[in-house]
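Novice: Sequence:
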Amino acid sequence: MSRASLRAAMTAALVVGGMVTIAAPASHAADNTGLIASFGITSTWGTGFEGGYTVTNKSIHTVSSWTIAFTLPAGEAVTSSWNGTVTHSGTQYTITSPSWETPLAPGDSAPVVGLDFSYSGSVVQPAGCLINNGPCAGVPADTVAPSAPSGLAVRATGPGSVTLGWNASTDNVGVVGYQVYEGSSVIATTSGTGTTATVTGLLPGSSHSFSVTALDDSNNQSAHSATLTATAGTGTTPGVAAPFIDLGAYPTPNLTQIAMTTGLRQFSLGFITAGSTGCAASWFNSFDPGTAWDRADFDSLRAMGGDVRPSFGGEAGTELALACTNTTALQAQYQKVVDAYALDRVDFDIEGAAAADHASIDRRSTAVAAVQAAQRAKGRDLKVTLTLPVLPSGLTADGLYILNSAKSHGLNVDTVNLMAMDYGDSTAPNPSGKMGAYAIQAATSTRAQIATVWPNLTTAQTWAMLGLTPMLGQNDTTSEVFTIADAQQVLSFAQQNHLGELGFWDVTRDGNACNGSLNDCTNIPQTPYQFSKLFATYAG
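Whatever position you read off the sequence shown (first residue = 1), add 2 for the working numbering.
By construction, these hints were calculated from the structure, which means they are not laboratory data.
Take the hints with a grain of salt, since some may be wrong.
As the list claims (entries may be wrong) - Straight line, CA to CA, 25 angstroms or less: simulated DSS-like cross-link-like pairs of lysine-lysine:
1) 338 - 385
2) 338 - 409
3) 436 - 535
Said to hold, decoys possible - Computed Cβ-Cβ distance ranges for the label pairs, DEER-style:
4) 338 - 143: 32 to 40 angstroms
5) 456 - 290: 17 to 25 angstroms
6) 360 - 198: 24 to 32 angstroms
7) 457 - 209: 31 to 39 angstroms
8) 149 - 338: 33 to 41 angstroms
9) 265 - 395: 31 to 39 angstroms
10) 361 - 292: 22 to 30 angstroms
11) 194 - 100: 24 to 32 angstroms
Think of the CB as a built atom: it goes at the ideal place given N, C-alpha and C, for glycine as much as any other residue.
The whole structure should be built from the sequences, with the hints applied where relevant.
Specialist: Printed below as a string of structure tokens:
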């Protein structure tokens, strides 16, 4: 049997080679919860047999890795494996999840861990199975819900945000988190036993009604707390570090793990473009954002105090506003993404042909302004970042058209983020050791241009409207190399002038810290995530 068909064979419980495939242990594992590993035999022959484990996450938590331990009788041994790393000491075997495997979201199953065995006598299944030190069959389901949270109150307010607090719930096993509701919609989640949550993305000064429920490890949900009406604060928020990360990289980057490693809390996510069917938003022509693909990781990051800003556009694929020639249809695609991920900020990376197409630029401005209006009607704020090509002399005529289009069509622009990279030798001569200075020159030039487009802004407000995003290490223009020293120079400049956003392209390249393809590597001496850890210190 081919390894590709092993999962199907185990799921279907076929009769193969004269033996019935043995699936889950006979302990009602289907009714159990937790991390479950089900063993099945798919074929036997004279001196060996083939089988494997299906690992399923039946908990409410994302599982980043797993380890299966079991024993074999004398006369049996594992001779080969795939989709897992096998070690053993005598008859005690251990399988660990492979490094390339993505975290298991609730309800997901890992690729089947295939095993070939040798044996003498008769076939005996592995015994004493444990996964992450718990029984492979899981644990009996808990059906008792926690008590309802009490004492819901406003603990603090900030610009467009409300911090809520409440008294802890009780449970027969233990509370593992809380959900904050506005009406019937979950708008924030917490993990662990913490009893506070900050709701962001609110229209400053708007009023909202909230309630809270508690969850236990079996996903039992309490009754709602009493409802509380709260008013979002006003004012402005400080700038943040929000580097780009290519979600199309394989394996899909885990934002929560990267945040824990680097200290970063905000990410600009590449990229949403037009799918193969035309006017339909798609993550890099592979996943429909309307299904909230990868949201579990986004919400896990939010529970840490972080957030995401999906980016529409990028260098590759068809820009959505080019594919959607009807403004109403384009607006619907943007709104679909905002709703699927409960977003309060989006980015538009406008480059290449899209940066010079006036019809699509105006169509995008109109559509996004309409989405902003729809969010305001719900008491929600939607901040917009425009990520644009730049030269040390500032935005090109195409970039200025994009800003003026936004203004004339009623689109509120929060940040003009500059792609401080790939200038070319004619506009940035002799760039060695100067890439930080060129980025600062580009920001200074563009700030003056912003002041002409929005003359009512103060100098401080125009600086706060700027973002800088260099390309780490080797740029596509081979003479341009952005070093750690350049990053320190840009960070200092951003802190002195209180820029609204500081980023880079991209986090995966920074983490790999390698030499090779520019898609994967920076091609300079550095340690893993050295740029990320530096930029994570930026506080506006």
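Novice: Which numbered conditions among the earlier hints are violated in the structure presented, ordered from lowest to highest?
Specialist: 5, 6
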